[in-house]
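Participant: Spelled out from the first residue to the last, the chains are:
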Amino acid sequence: MLMKLYKGGVMGSIGTRVLVLDIGAVVLICAVMYSGVLPWVPVDNFAVAATASVVRIGVLIAGLYAWAKLRAREDDTRSFNEQLTGLALIFTSALTFMFFVRMQQMGWHAELSDHGTYAFARDFIHMLIAWWVLSSILTRQALSKLAPEQPLEDERDHAIIARANRAASELLTFLLIAIIARLAFADGGLFGARESSISLFVVTPANIAHWLIGALLLETLVSKGYATWLYRRSDVSAETA
Amino acid sequence: MTTITNHLRRLRLEHGELTQEALAQKCGVTRQTIISLESGKYMPSLELAFKLAHAFGVKIEDVFVWQPKVARPLDTKDTNNA
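The listed protein sequences derive, respectively, from chains E and S.
Going by numbering that gives the first Met the number 0, the first residue of the first sequence is number 0, and it counts up by one from there.
Going by numbering that gives the first Met the number 0, the first residue of the second sequence is number 0, and it counts up by one from there.
Simulated from the structure, these hints should not be mistaken for lab results.
Hints may be right or wrong, so weigh each one.
[To be verified] Keeping only pairs whose Cα atoms sit at most 25 Å apart, straight-line, the calculated BS3-like set for lysine-lysine is: (1) S:K25 x S:K58; (2) S:K50 x S:K25; (3) S:K40 x S:K25; (4) E:K144 x S:K50; (5) E:K144 x S:K58; (6) S:K50 x S:K40.
[Said to hold, decoys possible] Distance windows between CB atoms, simulated: (7) E:H157 x S:T18: 50 to 56 Å; (8) S:T4 x E:T203: 31 to 37 Å; (9) E:V132 x S:I59: 57 to 63 Å; (10) S:G27 x E:T172: 22 to 28 Å; (11) E:R231 x S:L17: 25 to 31 Å.
It should be emphasised that the depicted structure is a prediction, and the values quoted were computed from it without experimental measurement.
Built from N, CA and C at the ideal position, the CB exists for glycine as well.
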């Protein structure tokens with residue numbers, strides 16, 4: 000049904016307002032469900048799974064909306080990479096939001112043996128698979144429309160991506176240093192109390208894993224966000240790559 | 000702000016109103032890159048600059064123009080005081 004509407008170009012005529020409302024609704028639903036402010040919506044296993052499903056489907060629809068809307072423009076001034084980067088930003092934002100809100104609630108030391116954590120991890124992976132499938136389909140569609148001598152991406156795309164990746168890797172370095180510093184001050188760490196009554200805080204392997212995942216998500220988010228901004232600004236030089 | 004401008008739009012019109020799409024295909028880039036070049040928002044690599052010049056059959060300086068920043072004159076106040 001969705002693809003039928005998409006192919007028919009109906010979504011393209013819906014406009015920016017619906018797209019913004021759709022994304023806003025997804026984020027709002029996610030925020031409300033995860034925040035625990037609604038006492039009748041406990042954040043138990045079922046709620047986690049249900050919320051993740053809503054987010055997953057909502058973001059997928061938002062992605063298709065965005066794509067259909069951009070492709071429907073007659074004077075398409077956005078390159079395929081720019082559009083794909085925009086979609087990636089939506090997906091990464093949703094994933095990052097889901098991850099950080101849920102991790103904050105679980106205290107950053109959730110174990111996979113817990114059913115709620117398992118359901119969340121499963122939905123997280125589903126989102127990644129959904130993104131991979133969607134981007135593969137869109138890339139294949141875009142390639143089929145191009146002339147043989149026309150590239151899907153060129154030096155301008157490479158310059159923008161390289162600049163965004165450089166900024167993101169700088170952030171990742173900073174985050175890794177922050178994690179190392181935190182570990183140093185943990186119980187048993189370089190500056191932490193060892194076998195004494197004064198325990199700063201305990202770090203588990205799950206903690207470290209979650210911090211690293213969070214750092215990677217933030218790096219991806221900054222990379223996609225900065226690339227989207229550079230595409231919009233489009234004030235780039237090939238020499239900056 | 001870049002000090003290099005180009006005459007891509009004029010050259011396209013002079014060459015039988017060559018479309019952005021056709022020029023992009025000739026140079027092996029996307030149409031959006033040609034749009035960015037024409038609007039002065041993107042500085043191409045040297046290779047692409049040569050490709051563009053070659054596509055029009057002109058020299059590179061006929062496509063791109065470097066406008067050096069006008070050097071400010073020396074502070075006459077200092078020289079007068081000296």
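Participant: Out of the numbered hints, which ones does the structure contradict?
Facilitator: Of the numbered hints given earlier, those the structure breaks are 5, 7, 8, 9, 10, listed in rising order.
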